[in-house]
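As they're listed, the protein sequences go chains L and E. The working numbering puts the first residue of the first sequence at 1, with every later residue one more than the last. The working numbering puts the first residue of the second sequence at 1, with every later residue one more than the last.
Be a bit skeptical, because a hint or two may be false.
[As the list claims (entries may be wrong)] Straight line, CA to CA, 25 angstroms or less: simulated PhoX-like cross-link-like pairs of lysine-lysine:
| no. | chain 1 | residue 1 | chain 2 | residue 2 |
| --- | --- | --- | --- | --- |
| 1 | L | K106 | E | K217 |
| 2 | L | K5 | L | K223 |
| 3 | L | K5 | L | K238 |
| 4 | L | K60 | L | K274 |
| 5 | L | K152 | E | K217 |
| 6 | L | K146 | E | K217 |
| 7 | L | K27 | L | K92 |
| 8 | L | K238 | L | K6 |
[Unchecked claim] Here chain E is said to cover these stretches of chain L; the calculated rule only asks that three of the stretch's residues, wherever they fall, bring their Cβ under 8 angstroms from a Cβ of chain E:
| no. | region |
| --- | --- |
| 9 | 113-121 |
| 10 | 131-140 |
| 11 | 179-192 |
Calculated directly from the structure, the hints in this document are not laboratory data. Note that the structure is predicted; figures quoted are calculated from it, not measured. Glycine included, every Cβ here is placed at the ideal spot set by N, Cα and C.
The residues making up each chain are set out below.
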Amino acid sequence: MSSEKKNAITCQNVWQVFGPDPDQALKAALDQHETADEAAAALRASGHIPAVQDANFQVKEGELFVIMGLSGSGKSTLIRCISHLLHATHGKILIDDENIVSASEKRLIELRRNKLGMVFQHFGLFPHMTVVDNVAYPLRVQGMRKSERLAKAREVIELVGLKGREDYFPRELSGGQRQRVGIARSLVADCSVWFLDEPFSALDPLIRRQLQDEFLQIQEKLKTTIVFITHDINEALKLADRIAIMRDGKVVQIGTPSEIVLNPVDDYVREFSKDVAKGQHAKLHSMMQTGPGLVYGADDPGLRTDMTIDEALARCMSLYEPVPVHGEDGAVVGVVNPAELAAALQVEHS
Amino acid sequence: MIASMTTGTKAAALAVIVGALCLLLEGAAPWLSTYPATWVLPLTDWVGSVVGGFLAVVKPFARLFSDFMSYPMDWAKIGLNAAPWPLLLGIVLALGWRTGGWPMLLMAAIGMALVLVSGYWEQGMNTLALVAVSVPLALLIGAGIGILANEIPRLREPVQMVLDVMQTVPTFAYLTPLLVLFGFGPVVGLVASAIYAAPPMARNVLLGLQRIEPEIKEAAIMAGGTRRQQLFQVELPAAMTQIMVGVNQCLMAALSMVIIAAVIGGFNDIGWEVLLTMRKGWFGQSLMAGMVIVIFAILIDRMSGMLAQERKPQFDRRISWGLVVLGAVIGVATLGKLGNTADYAMLEPVTKQVDAGLTAFTTANAEWLTSFKNNALFYVLLPLRIGLDQAVLPFTWGFMWTPQMSLGLFGLAALLAVGLMASGRVLAGLVVLILFGILETGVSQLPWPFALVAAGGLAWSAGGRKLAILIVALLASILLAGLWERALLSLYLSGVSVFACALIGGLIGLLSAVFPMVWKVVRPICDMLQTIPLFVFLIPILMVFQIGEFSAFLAIIAYAIVPMIRYTRQGLVETPDEMIEGAIASGATKWQMLFHIRAPYAAPTILLGLNQTILYAFAMLVIAALIGTTGLGQSIYLALNQADVGLGLSAGAAMAILAFGADRIVQGFAEGRRRALGL
Chain L
1 MSSEKKNAIT CQNVWQVFGP DPDQALKAAL DQHETADEAA AALRASGHIP AVQDANFQVK
61 EGELFVIMGL SGSGKSTLIR CISHLLHATH GKILIDDENI VSASEKRLIE LRRNKLGMVF
121 QHFGLFPHMT VVDNVAYPLR VQGMRKSERL AKAREVIELV GLKGREDYFP RELSGGQRQR
181 VGIARSLVAD CSVWFLDEPF SALDPLIRRQ LQDEFLQIQE KLKTTIVFIT HDINEALKLA
241 DRIAIMRDGK VVQIGTPSEI VLNPVDDYVR EFSKDVAKGQ HAKLHSMMQT GPGLVYGADD
301 PGLRTDMTID EALARCMSLY EPVPVHGEDG AVVGVVNPAE LAAALQVEHS
Chain E
1 MIASMTTGTK AAALAVIVGA LCLLLEGAAP WLSTYPATWV LPLTDWVGSV VGGFLAVVKP
61 FARLFSDFMS YPMDWAKIGL NAAPWPLLLG IVLALGWRTG GWPMLLMAAI GMALVLVSGY
121 WEQGMNTLAL VAVSVPLALL IGAGIGILAN EIPRLREPVQ MVLDVMQTVP TFAYLTPLLV
181 LFGFGPVVGL VASAIYAAPP MARNVLLGLQ RIEPEIKEAA IMAGGTRRQQ LFQVELPAAM
241 TQIMVGVNQC LMAALSMVII AAVIGGFNDI GWEVLLTMRK GWFGQSLMAG MVIVIFAILI
301 DRMSGMLAQE RKPQFDRRIS WGLVVLGAVI GVATLGKLGN TADYAMLEPV TKQVDAGLTA
361 FTTANAEWLT SFKNNALFYV LLPLRIGLDQ AVLPFTWGFM WTPQMSLGLF GLAALLAVGL
421 MASGRVLAGL VVLILFGILE TGVSQLPWPF ALVAAGGLAW SAGGRKLAIL IVALLASILL
481 AGLWERALLS LYLSGVSVFA CALIGGLIGL LSAVFPMVWK VVRPICDMLQ TIPLFVFLIP
541 ILMVFQIGEF SAFLAIIAYA IVPMIRYTRQ GLVETPDEMI EGAIASGATK WQMLFHIRAP
601 YAAPTILLGL NQTILYAFAM LVIAALIGTT GLGQSIYLAL NQADVGLGLS AGAAMAILAF
661 GADRIVQGFA EGRRRALGL
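Please take these sequences and the hints and turn them into a complete structure.
The structure is reproduced here in structure tokens:
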């Protein structure tokens, strides 16, 4: 992650509370209690549900940010706060430095037309419109001429691999095809911030993997900022630049896939990564020592920072001394001890 | 011991005590059994003067509206009458083709041909003209209310309540104020039918909008649509199937009401024709006019029903246009040569034959029919109405009821009750006592304190304290208004009918569930009975059994039995497959499965059917007043004839209270069962 990129999305102390009188209850709870946890407990005691508690994070421009959690952890609520389908009870949500929590209805419509796109778990396709009309709808509400918007929609339909199905109705498509329509519709207006709410959860495992791969290819091309919701750790690890893990409305850990797998902050996060083949996800740069005065042995198995632990271990299985790790340009940027690599994989069993 | 009793048992015990006290003190305190006339508040008059005053203020506007509406009505009437029938036929056939292909086209052709040869083409067109003006009005109002309630969540609950009330208030009841407002004439029928037909539209629009998947709404928001774009481009079209159900119900309600409204206006429409011929006793004619109504109802229902289908097949629209053009060409070519449609009455010989056959049948079977009617009256209806103590006379049962017999009856009841309680079924024992008590006094002469306590107790065990208070308060208002005796009479007649419906309908439903062959026969009959406007039910029954309570009883059963059959079957058939497989795996026989698995699972559904049956019975009760019933229905009808707004509204409100109470109590029990089953 390059630090010179600016923040596309910033969440500051975001709360979403449901219940009889969320605004007053949250205000009282925040006034009377020091920590977010205490405030949340007070809210629960008064019959309110703090679905999102004090969320704080930034998403960089072009970053693929995954929010992961079990059902009921508040991840869908959080993404709806950020896309302003729900009005956050408290806090600031900046999209390109503009606080959308206080934006006017008119400004929100503008933002949605020009900047934001969203894909839904159950597709949210309009049943009375054909594929091409569905995809062209975001352009229609802007008042674009019919021939123009249909031409644009056809381009995007081709991009998601649905050429030839333009005049089908959603009910005539398979689940995977429907989600392609959903993706096309969210892309047609050239959004710069893309929200995906469990887009692949309702699909078969095979189709899911295929769509994940295609999704990564699309992202490669478009480089939009993405907030991606999932409950599947493997999906999160495969796609994410960074992952936020949520439990009971709280963001419990934010980190790169390697950090999540190798350094879980608590048992809840550890439980998630238990079934994950760690070596396949953690990259070597998360393990190596850096800094001046690196000491390493004579053997150089040719490790690179972007190798997974599995790959690295395969090369230095028989070595006992620390070995050098090369950066992209070939220079030595760090050192790793093969014994530590093996130990990292076994941390579960110790 | 009292603490350990269930709510139901406590309520029943209280009712038994109050009932027994009322019976014991009957001699000492006659005000217990009959509510004294001096305690009656002139509520009816107050309602009359308040509403009357209000109506007087609104009247000029209403008359203005009436004048205004008379234009589209005249145009529709003149248009439909002036258009040559080949053209109209062509249009109907085109609609038939477009909505349902060959079968619908054929149905439309046969139906319209029958209308033509019945000689009632003109009257039929006049009725259609009313429908054609009232339905767009109702659709607009209904859709407006539905959308408004969807947009403004705070309005939702009050709107739902108003719609509920509008559906329980009997149709005749609001004809009276409309009559005062708009004066005699077809506009009353128009407005009444628009008012009556708007609620189903509003309900379905609201339901359709609320049932849209949330993600579809969210997708429309995220696409950047304004609220208006979201509503009109996404939500309403996505809800179209449900809205079309509303259109279908709206059409049927409008047709039904237009026909009922004939009661107040001689407008040379088909409803008026039925009424007129029925009053004259020309049953062949009235059957013929009734047939025209049924044909319209079936065609309108089936065609608009096709619109509400999820995936409607597409039929070539060129054929439709061809049919219209063909009709127009023939119409123009034969212009002036077709003569008066009234002269087409080719079926006149048939009507005469029906009349003759009917007379022959009733005279030949007079003995049997009379004894059937009298047996039902003497041994079932009368005792339930005025109790064994008055119904058992030498004239009816062949002997006189004596106080000793009453004692014997109560002794038997006590014996049964004690037996039941001894075996642990306290509630059942108490209920037996109550039922025997009612049998002795009769429903229409129940002591009012007992009736209030019993209704309150029922409501309490069905829906809790709030419902109990509400229902007792509402019933007390009937008491205060002095409509109590009439209300009990209505309660008795609808109660008996509902009971008969539950027995017969439940049995038919059970048979339909067990034997698919039975359902194949019963289903089209049910469809038919549900399509026919209320009014038409009266004709065949009147033909055989003449005016009177027994005919009303039969008419109510014929109409109200359908939901009981449908829901019973549906409940029994729709048991989840896993449960059936579980039962089979446990080795249950077909009948064991029925009684141990299907029946308990179906109970909430069957209760809902019973609920519908009750509402249907009340709706028919008012119509049945036309052929002679006592009670509230009669009052409403009388009020209509005398343009007595106070009486009409009060009696209508009392009827609505009875229907509302029964509805809430049964719903409460159904809800309880559903919750117990975890549904």
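Do the hints match the structure? See the list:
no.: 1; hint: L:K106 x E:K217; result: 18 angstroms, holds
no.: 2; hint: L:K5 x L:K223; result: 13 angstroms, holds
no.: 3; hint: L:K5 x L:K238; result: 22 angstroms, holds
no.: 4; hint: L:K60 x L:K274; result: 29 angstroms, violated
no.: 5; hint: L:K152 x E:K217; result: 23 angstroms, holds
no.: 6; hint: L:K146 x E:K217; result: 23 angstroms, holds
no.: 7; hint: L:K27 x L:K92; result: 15 angstroms, holds
no.: 8; hint: L:K238 x L:K6; result: 24 angstroms, holds
no.: 9; hint: 113-121; result: holds (count 7)
no.: 10; hint: 131-140; result: holds (count 3)
no.: 11; hint: 179-192; result: holds (count 4)
In summary, the structure is inconsistent with hint 4 from the numbered list given earlier, while agreeing with all the others.
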